[in-house]
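J.: These are the residues of each chain, in order.
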Amino acid sequence: MQTYRPNLGATIDLIETPSLLIDLESMESNFSVIAETYSNTTCKMRQHAKNIKCPDILWRQIEIGGTLNGVCTAKISEAEVMVEGGIRDILVTSEIVGEDKQKRLAYLAKRADVKVCIDNKANLNALSFVAQEIGSEIGVLIEVDTSMGRAGIRTPEQGVELAKLAESLASVKFLGVMSHQTVDGFADKETRFIEGKRYIDKCLEVKNAIEDHGIEVAIVSSGETFSYDVAPQIEGVTEVEGGTYALMSGPTKYMEEFSLAGKVLTTVIDMTESEIVIDAGLRCLGGPLGSTPTIEGQDNLGFSEMQDSYSVLTVEGKNIFEIGQTMLICTSQQDILVNRWDNFIGVRDGVVEVVWDIPARGCHH
Amino acid sequence: MERPTSKPIGHHYLELDTPTMVINTDLLKSNIKNAQSSLNGTSCKLIPNVGTHGTAEIARYQTNSDHDLPVFVDTFQQAQSFVNHGFKNIIIESPPVGVGKVESLHRLVSTAHITVSLSSLAHLNFLKHLSMENLSVLLRIPNKSDSVGIGTHQELIELVKLLVEHFKIYWKGLITVSKGSDSLEESFKGILSAEGLLQSHSFTSNELLINTSNQPLSKAQSNLPPEITGLISGNYPFEVNGSVSTCSVVSTVMSTPEPGRAYIDCGQKAISIDRGVPFVVNYENAVIEKMSAEHGYLVFDAVEMNLKIGDKILLRPANYSDTFNLYDFVNLIKNDRLESVIETAARGAFK
Numbered sequence: 093m094q095t096y097r098p099n100l101g102a103t104i105d106l107i108e109t110p111s112l113l114i115d116l117e118s119m120e121s122n123f124s125v126i127a128e129t130y131s132n133t134t135c136k137m138r139q140h141a142k143n144i145k146c147p148d149i150l151w152r153q154i155e156i157g158g159t160l161n162g163v164c165t166a167k168i169s170e171a172e173v174m175v176e177g178g179i180r181d182i183l184v185t186s187e188i189v190g191e192d193k194q195k196r197l198a199y200l201a202k203r204a205d206v207k208v209c210i211d212n213k214a215n216l217n218a219l220s221f222v223a224q225e226i227g228s229e230i231g232v233l234i235e236v237d238t239s240m241g242r243a244g245i246r247t248p249e250q251g252v253e254l255a256k257l258a259e260s261l262a263s264v265k266f267l268g269v270m271s272h273q274t275v276d277g278f279a280d281k282e283t284r285f286i287e288g289k290r291y292i293d294k295c296l297e298v299k300n301a302i303e304d305h306g307i308e309v310a311i312v313s314s315g316e317t318f319s320y321d322v323a324p325q326i327e328g329v330t331e332v333e334g335g336t337y338a339l340m341s342g343p344t345k346y347m348e349e350f351s352l353a354g355k356v357l358t359t360v361i362d363m364t365e366s367e368i369v370i371d372a373g374l375r376c377l378g379g380p381l382g383s384t385p386t387i388e389g390q391d392n393l394g395f396s397e398m399q400d401s402y403s404v405l406t407v408e409g410k411n412i413f414e415i416g417q418t419m420l421i422c423t424s425q426q427d428i429l430v431n432r433w434d435n436f437i438g439v440r441d442g443v444v445e446v447v448w449d450i451p452a453r454g455c456h457h
Numbered sequence: 106m107e108r109p110t111s112k113p114i115g116h117h118y119l120e121l122d123t124p125t126m127v128i129n130t131d132l133l134k135s136n137i138k139n140a141q142s143s144l145n146g147t148s149c150k151l152i153p154n155v156g157t158h159g160t161a162e163i164a165r166y167q168t169n170s171d172h173d174l175p176v177f178v179d180t181f182q183q184a185q186s187f188v189n190h191g192f193k194n195i196i197i198e199s200p201p202v203g204v205g206k207v208e209s210l211h212r213l214v215s216t217a218h219i220t221v222s223l224s225s226l227a228h229l230n231f232l233k234h235l236s237m238e239n240l241s242v243l244l245r246i247p248n249k250s251d252s253v254g255i256g257t258h259q260e261l262i263e264l265v266k267l268l269v270e271h272f273k274i275y276w277k278g279l280i281t282v283s284k285g286s287d288s289l290e291e292s293f294k295g296i297l298s299a300e301g302l303l304q305s306h307s308f309t310s311n312e313l314l315i316n317t318s319n320q321p322l323s324k325a326q327s328n329l330p331p332e333i334t335g336l337i338s339g340n341y342p343f344e345v346n347g348s349v350s351t352c353s354v355v356s357t358v359m360s361t362p363e364p365g366r367a368y369i370d371c372g373q374k375a376i377s378i379d380r381g382v383p384f385v386v387n388y389e390n391a392v393i394e395k396m397s398a399e400h401g402y403l404v405f406d407a408v409e410m411n412l413k414i415g416d417k418i419l420l421r422p423a424n425y426s427d428t429f430n431l432y433d434f435v436n437l438i439k440n441d442r443l444e445s446v447i448e449t450a451a452r453g454a455f456k
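Read top to bottom, the protein sequences are chains A and B.
Here the numbering used here runs 92 ahead of the position in the first sequence, where the first position is 1.
Here the numbering used here runs 105 ahead of the position in the second sequence, where the first position is 1.
So here's chain B without its partners, still in its complex pose:
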C-alpha cells in the first residue's frame, strides 16, 4: 500500500515526495459551492458521484456534511466504504448480480438507505427474497450514448408492475446515463419518453435521474428539462478554474539526457493515461510525449525553455477518476502549503 507523504503539515507542496496528487482546497470548495448554487431555484438536485474520488473528506464538502443527502457510487464496496464513514443515503450504479453482491446489499441496508439501479428481470430476481425498507430501486433506461438498460417498453412496464405489485421494494423512478455532452439531448428524450410511457400505464416516477459523471457540469446543466429531479455529476469539484488547476500530480525531473527532453518520475502508475495523456500545467511549451509505467517523457523547445534535474512538473490528469484510483492518499493544499493528507478509502473498491 502506498505510504502517505513523510512531510509535515505546512510544508510547501512542491517539496512533497513525488509523484503525488495535490488538490487546491480553496478551489475545490469554490467549485463545489458554485456547482451547488447553479442548481438553486430548480427542482433538480445535484447528486455527487463520490466514486470519482473515493474520499469521505471531499464527499463531506459536497454534501455540506449532511450524511442524509444522497451520494452516488459505482460499486457495492464503494458504498460500504462511504457507509463506514457515516453516509446514510447511497445510490449504487451496479446491479446486485451474484451472491457476494447480494450479501453486501444485505449488510449495507442494515445501516443506510440504499438505492440500486436495475435493468432486467434477472436483476430483480436477485432481490426476490429480500424485503427491506431501506432499499429502493431505480430502473435504468438506455439511450443513444448508452446501450445498457431496459431493452423494451414492455419489459419496463412489466418490471414496474412487478416492483409495485409483488415486491416489497420501493420503486423510486428512472435513471439514464449520458456519456457525452453531444448525447445529452438524446438522454433527456429517452428518460422522458420512458416516463411518459409509464404514466400512460398509471405509474409515476418520484425520481428521474441523469448521470453525467464524466462530463463538465455546465454542459450537463444546459437545457436540463424541468422534469429531471437529480443530476449526478463527478468531476465538478476538480474543474479547472480559469488557468489554475484544482487537482494535479506533482512530479520531478530525473534526467535531461538531451536538449529539449526531460525524463520525469511520473508514469502511468501515478497518473492514468487510460483516457488521454496529461496536460503540463506549469510549462506551457512542454508536452508529454509518452509515458511508461513509472516515467514520463517531456518534450519542449530547448531554445525557448530549459529544464534541469530536480525541477517540478505539474500535470493535470486527462480523467480525474482514473487518477484518484491510483492513490491511497491525496494531499489538500492551501496557500501552497500542505493542509492535510486524506485517504481515498474507496480506492480499489471494484466489487
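Bound-form chain A, shown alone:
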C-alpha cells in the first residue's frame, strides 16, 4: 500500500503523478442533482458504496440530501468499513454465502441496521440459523433478476415462496425486493425511461405477488444511475441504488446532468514524432478487455497501447506535446479504477482541498 499525500493547499502542478483526483465542484454538483431530484419524493437514493469505498465521501451525499441516510455495499467487508465509518443503514446487494461471512453479517447486524439480498431457500435458512445463534436479526430482500441473467429469482412464484419462508424463520426479517439492471451503449432519455420502467416493473410484479399473499413489502430497492430519475416516478419504488453518478465515467457520459468528477492526473514521460508516452498504465487505470480511457480536452490523442505502468498514445496531427506536461485522464470504468487506488485527492479551482483514504479498497470478501 502506498501513501503519497500532497499538502493541502498545494496547486495541481505540484501533485505527483499519476494521482487519482476528484473535482470537488463536479462531485458536489452531482450530489446536488440527487438531492434536488429526491427532495419531494417518498423514494430516496441509497448510494452504492462500491463505487466510492470511502465513508467520508458517502457522508457528503447524505449531508447534501436526497438519501435515506444509508448506503449499499457489494460485499460484507465493504459493509464493515461503512459501519466503522459511522453509517448505520446498510444494504448488502449480494448474497452472502458461507458460515464465516454470515457470522460477520450477523455480528454487524448487532451494530447497525443491516440488510442483505437472498435468492434461494438454503441461503435464507443458513442466515436465519447463524443470526439466531449469534442473537441478532438480519433484514432480507429478495433479489429479482430483471434482465441481467445473474443472481436473483426468475419468477414471482419463487419470490412468494422465499418471502413465506422468510416470514416463518427466526432472526431474519423479510423487508422486500431488490433488482439491478443496466442499459447498453448510449441511452437517450426516452430509452432510459422505457428500459428503466420495463425492468423495474418486473421487480414490482414480484412485490405485488408477495403482497397478494398477505405479506407486507416495505422496501422496493431498484434502479441505479441510468434510471435515477425514472424510479422515483414509479409508484412502489422506495429506494434507488445509484453509484456511478458520484464520479461518473466515459460510458455514462450520456447522463449529461452529471459531470465527470474522477480523473487521473498523468505526465508525459516520453514521445516520438507521432506518439506520446504517459506515466499511467493498466495497473492504475484498468482496461477491462481492451477498453480504453480518453484524455480530457485532447480529441487528437488516442490510447494505442496500455502497459503495466505506462501507456502510449497516438497523436493525430502535429505532436506539440512536451515531456513533463501533465494532462487528465477520463476513466473508462470508474469503480474498477477506484478499487486500485489508496486515496483520492480532492481538488477545487486547481488547489488540493482534501485527501481521502479509500478504506474499502480491496475489500473483496
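Hint data in this document are derived by calculation from the structure and do not stem from the laboratory.
Quantities reported herein were computed from a predicted structural model and do not represent experimental measurements.
Heads up, the beta-carbon is just placed ideally off N, CA and C, and yes, glycines get one too.
Any given hint could be a false lead.
Stated by the list, open to error - Calculated pairs, DSBU-like style, for lysine-lysine (alpha carbon to alpha carbon, straight line, at most 35 Å):
no.: 1; chain 1: A; residue 1: K289; chain 2: B; residue 2: K112
no.: 2; chain 1: A; residue 1: K136; chain 2: A; residue 2: K265
no.: 3; chain 1: A; residue 1: K256; chain 2: B; residue 2: K395
no.: 4; chain 1: B; residue 1: K112; chain 2: A; residue 2: K213
no.: 5; chain 1: A; residue 1: K345; chain 2: B; residue 2: K413
no.: 6; chain 1: B; residue 1: K417; chain 2: A; residue 2: K294
no.: 7; chain 1: A; residue 1: K202; chain 2: B; residue 2: K417
Claimed, not checked - Taking beta-carbon pairs under 7 Å as the criterion, some of the chain B residues facing chain A (in silico):
no.: 8; residue: V202
no.: 9; residue: I262
no.: 10; residue: K456
Claimed, not checked - Simulated coverage check for chain A against chain B, where a stretch passes if three residues somewhere in it have a Cβ under 8 Å from a Cβ of chain B:
no.: 11; stretch: 163-175
no.: 12; stretch: 278-285
no.: 13; stretch: 376-389
Take the given structure of chain A and dock chain B to it, following the hints.
T.: Chain B only, in chain A's frame:
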C-alpha cells in the same frame, strides 16, 4: 485497505475467505529454481521483474535473499518499497520525469544502487544537477514491438557522449523491451545493432538487457544471443506446472439460478480481465462467460456437471501482474494448507 484472511496458519486453502489469491509455495520455488538453472553456463543473468508481484518475500526467493543482486521494477515508488525491504540494487523502467520522481531518486540512491532507463535528452536534463555514485543509466532502444526509446542513431551517440564526457553518472549500457515472443528476434537485432553502432564510435556497453516480462521465460530464452547480459522476466515464478496452477484465485459459488450457470463471488476487482478472462482450473467443462466488478458468471453443460452453492472455483488469471495489483495480501500454500500470508507492499505504487 484489504484485510488479510482471518483464518489461522495451517487452515485448508479452500476454507479461506474468498475471493483470495493463493500461491503454491513448492511450485513457486521449483519454477524459480528451474528458471535460474536454465541460464547456468551462459553469460546472461536472470533479472526478476519484482514489480510483477510487488512482494518482498517472493523477491527474496528470486534472489536467494542476496539483496545485492539486481531486481527490476516499473516505478520509483515500487523501487522505494523494495529498498525499504532491504534490496540494494534496483533497475527502474520509468524515466525520472518531474520534480517528485527526481526527489524520489535522490532518496533512493542514498541507500541503494539505482539504475534508471532513459530515452531522450529531456530525461537526461532531469538528472543534470545530480552527481551520484549510486546512480547508473541504461539507454532504451526501440524495436518493432516497442516504439518507446531513443529515436535516432545520432541521438543515441549524443546521449552516450554526454553521459560519458559531461555527466558524472555511470552509463551502464542498453535496454530494450520485447512485448511478444514473435518480436524477440527483432528486439535482439535492434539492441545488437545499436551496440554495433556505439562500438563503431568507440563506446562499449557493459550491460545489454532485454525485458521480456510479459512472456514465458522459455520463449524469451530461445535463440538468446550471447551478447545479451541480462534477461528481465516477470512471470516465471507463476508459470503453470503441467496442469497445476502455481497461482490462482479461490472463489465461491453464491447462486445457481439456472441449470448450467453459477454466480461466483469473484469479479474484476479480485481478478483482472484487463488482458483476458481467467481460466477455470478445477472444472474443465466450465468457463467464465463474463465478469462484473464484483462477480463472475460461470457457464457449463448441466448434463455433464453440477455446481452447488458454496462450491469452490479456482481461477487462473490471464495476467499475473494485473491480478497481484488488486491484492494487499496473498496466501502462500503448502500441502494445501495456509503456510503464510504475505503483503504485496509495492501494490498501488504507481508513481
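J.: Work down the list of hints and note, for each, if the structure agrees.
T.: Status of the hints after comparison with the structure:
no., hint, result
1, K289/A with K112/B, "violated (45 Å)"
2, K136/A with K265/A, "holds (21 Å)"
3, K256/A with K395/B, "holds (33 Å)"
4, K112/B with K213/A, "holds (28 Å)"
5, K345/A with K413/B, "violated (39 Å)"
6, K417/B with K294/A, "holds (32 Å)"
7, K202/A with K417/B, "holds (29 Å)"
8, V202, "holds (4 Å)"
9, I262, "violated (18 Å)"
10, K456, "holds (5 Å)"
11, 163-175, "holds (count 3)"
12, 278-285, "violated (count 0)"
13, 376-389, "holds (count 5)"
Of the numbered hints stated above, those contradicted by the structure are hints 1, 5, 9 and 12, listed in ascending order.
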